[in-house]
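J.: Residue numbers (the numbering used here), protein chains in the order written: chain A, 243 to 430; chain B, 9 to 547.
Mixed in with the good hints there might be a few duds.
[Said to hold, decoys possible] Listed next, the in silico EDC-like pairs over lysine to aspartate or glutamate satisfying Cα-Cα at most 20 Å (straight line): (1) B:71 with A:369; (2) A:420 with B:49; (3) A:417 with B:49; (4) B:71 with A:328.
Bear in mind the hints are in silico, worked out from the structure with no lab data behind them.
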Amino acid sequence: MEEGSPQPAQTWQGGWPDTLEQFEHLVEMFQDRMVRYAFRRLGNLHEAEEAAQEVFVRAYFDQANRRTTTYVSAYLYRVAANLCTDLLRKRRRPTVALEHVDAAAMTANSPTGPQALAGVEEQARIEQLLARLPRRQAEVIRLRIFGELRMAEIAEVVGCPVATVKSRLRYGLTKLRKILPPQWETIS
Amino acid sequence: MNCRTFRKHIVTLLDADPGDPMHVELSAHLRSCPKCAETHDQMARTLSALQPSHGVTAGPLFKERVMSRIVKLQATNRHETIRWQPVRARVWRPAVAVAAAVLTVAAISQIWRSNVDRGVPPTRPAFSLLSQAWAAEAALFAGDEIRHCANEIIVTPVDDPELAGMRWTPLVSLEATGRQRIHQLALAAKPGETYTVHDYVWYDPPTGRFTRLLTVGDQPIFANSYDGKAIYRLEVGDGTRRVAKTPVAESFKPPTSPASVFGLGAGIRSTLDEDDASVVVPAGHQTLSDGSQARVLKAASGSADSYYLFKVRESDNRIAETEWIAKGQSMLVTRRVRTETVAKPGVGWDLAEVSAMPVGKGGPANVAISPDMVVPDVSIQRMVDKATFETYIFATDPPWAGKRQISDILDLPSPPHRMFSIAYRADDGRHVVLAQVHSYNKFFGAMSEIHEANVLYESTAGVKVLAMPAERSTWLAGILLKSARYWIKDPASEDRTGYLLRTPEGTYPALAVNGRLSDDELHALIDSLVPAKQFCPND
């Protein structure tokens with residue numbers, strides 16, 4: 243990894259945790275990422291926390307499914323994705339695109355208040371950019387940036403070879419580079 | 009490395025893996041090329057610009073709430089925790105080999121069909137239910153006392169002579185080295201004929217001792233046992249029978265998963281176990297011959313009228329029966345008829361009773377055991393020696409792929425012919441599988457459409473790539489990649505590609521790539537195919 247490139251988050255090195263204590267470490271490592279992911283899908287921080295909790299509970303008990311997964315992180319994201327889809331279906335309303343929601347309304351009852359509000363506004367701006375990319379390229383970039391997953395993990399989540407992930411990421415970043423407002427780079 | 013290659017692989021630098029040779033090459037180029045360094049900086053800045061500065065995070069007591077819920081649920085048993093046996097994906101599992109053989113051969117009849125049946129939509133709960141039933145089967149062979157199971161393998165009456173003659177089931181045996189071998193138990197019959205194979209197992213969990221005996225009528229056809237010191241195996245010849253004893257090797261260990269050796273569905277189980285869940289669907293309920301109710305699960309792999317049925321008894325969630333259906337007709341039913349704890353085995357751990365059994369006249373003429381359905385990791389020399397046709401090999405390994413694995417597989421439609429699968433696992437996911445199958449050569453050689461097919465490319469050695477409709481190409485690639493899953497590990501990707509080749513000798517190797525190749529890459533790959541016998545001296 244060269245200097246200047248954002249690095250993927252710390253990776254879970256062990257296999258599936260066997261004890262409650264090990265599982266607690268897993269929760270600690272992935273809790274923010276799971277909440278962020280669910281938040282982006284559901285558009286509500288309270289529901290996102292509930293959903294993320296459910297992801298971990300299911301992961302703990304669902305040994306039948308998780309045993310076929312190579313990467314712990316990929317498994318968690320898949321569970322989270324399915325759970326969010328179910329929740330959205332139960333609400334009987336379509337997926338709320340983050341760029342179209344009122345950030346203040348969404349975070350009004352949020353436990354983290356102003357910080358979440360700023361986060362929502364910022365993510366909405368990012369989503370507006372990602373919405374201009376082909377869906378598959380955008381999803382790979384989301385998993386990379388917000389999921390902080392490595393290429394092989396993303397490949398497992400989206401179900402395609404690592405080479406395909408790399409090419410989607412490369413094309414997506416090239417397009418983003420062209421449409422990125424100049425001030426964004428200055429800010430960062 | 010040139011600038012074009014650098015830009016193509018630039019995102020590899022995002023994963024901090026300095027040990028990766030590609031990473032090393034990219035880093036070296038990055039240091040030496042200012043233009044590419046600027047491109048890299050731009051990519052890094054783009055990613056940084058997208059990095060959220062106000063991260064949404066979990067609440068302060070998130071972890072505590074999760075752990076509290078888990079502890080409460082455990083206490084109330086709302087989630088039943090099942091201790092699954094660990095899956096050791098990197099260890100060769102003989103039973104997986106059955107998939108390799110069956111799937112590869114299955115492709116014959118499907119490649120040129122205009123409409124490929126994709127079957128019933130999969131359901132994860134059905135697969136989970138089957139997984140639980142496998143776990144229950146494994147539990148049968150646990151405990152402190154000798155366990156005894158008896159199964160019946162019923163060869164059902166079938167009128168179609170072709171179907172009647174093609175029935176078989178996998179049979180697993182244990183060697184003195186500890187290696188498991190998987191054989192084909194061919195159970196042919198005349199049209200309308202039916203007979204039953206009795207399958208008896210005794211297993212002593214504390215010591216790992218076991219006896220397995222298969223009989224038709226009063227004739228033993230297969231026996232394998234372990235008495236704690238040696239492995240015993242029945243050898244049946246023309247009118248002769250003897251029990252061979254081989255002391256176990258120092259490294260020998262009794263099977264850790266006895267159900268995968270002599271359980272109901274041994275040899276079938278891991279095919280599904282290692283695979284994805286997409287082949288298992290619910291198929292209603294059925295009243296079994298003993299009056300009990302069973303849930304029926306169907307495991308299909310591409311054909312609407314050929315599949316396995318697993319009948320899971322509702323009262324104990326165990327597999328009571330398996331049934332193989334081909335072309336809509338029942339081919340074989342394997343039924344569990346007894347499970348019990350006994351004081352001693354009905355047939356000794358040393359097969360003494362089998363040795364003493366009188367040799368009968370005649371016997372089941374249609375029952376035959378073809379050894380070693382699959383032998384993994386064989387040499388080029390072995391492939392050349394065993395093949396009954398000209399085999400080819402890549403003189404140069406695909407530059408993007410890793411180590412080659414050649415598997416020697418029984419050609420199920422035409423034993424004792426063998427077929428050969430050459431598989432490469434690639435780090436970039438573009439795995440390569442080349443299948444060379446006697447049955448393919450026979451089947452395609454007789455098809456006029458094949459002779460008229462357009463040639464997309466011809467190598468310098470005269471190997472031709474035949475044009476194939478996109479859907480068939482994808483389907484063929486899926487089958488070949490799935491058959492080599494034990495080696496390449498990854499599931500087949502959406503952009504996989506299959507090619508049917510024709511060699512100057514008139515054989516039809518099938519090639520699959522788990523992704524796309526450029527024309528140059530494909531041509532180089534085909535150009536590197538040479539008769540394997542030429543390659544042997546350098547092997």
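J.: Now tell me, hint by hint, if it's right for this structure.
T.: How the hints compare with the structure:
For the hint pairing residue 71 (chain B) with residue 369 (chain A), the CA-to-CA distance comes to about 28 Å; that exceeds 20 Å, so the pair is violated. Distance hint between residue 420 (chain A) and residue 49 (chain B) is fulfilled; the C-alpha atoms sit about 14 Å from each other, no more than 20 Å. Between residue 417 (chain A) and residue 49 (chain B) the CA atoms are separated by roughly 15 Å; this keeps the pair inside 20 Å, and the hint holds. For the hint linking residue 71 (chain B) to residue 328 (chain A), the alpha-carbon distance of about 23 Å lies beyond 20 Å, and the restraint is violated.
The earlier numbered hints that this structure contradicts are 1 and 4.
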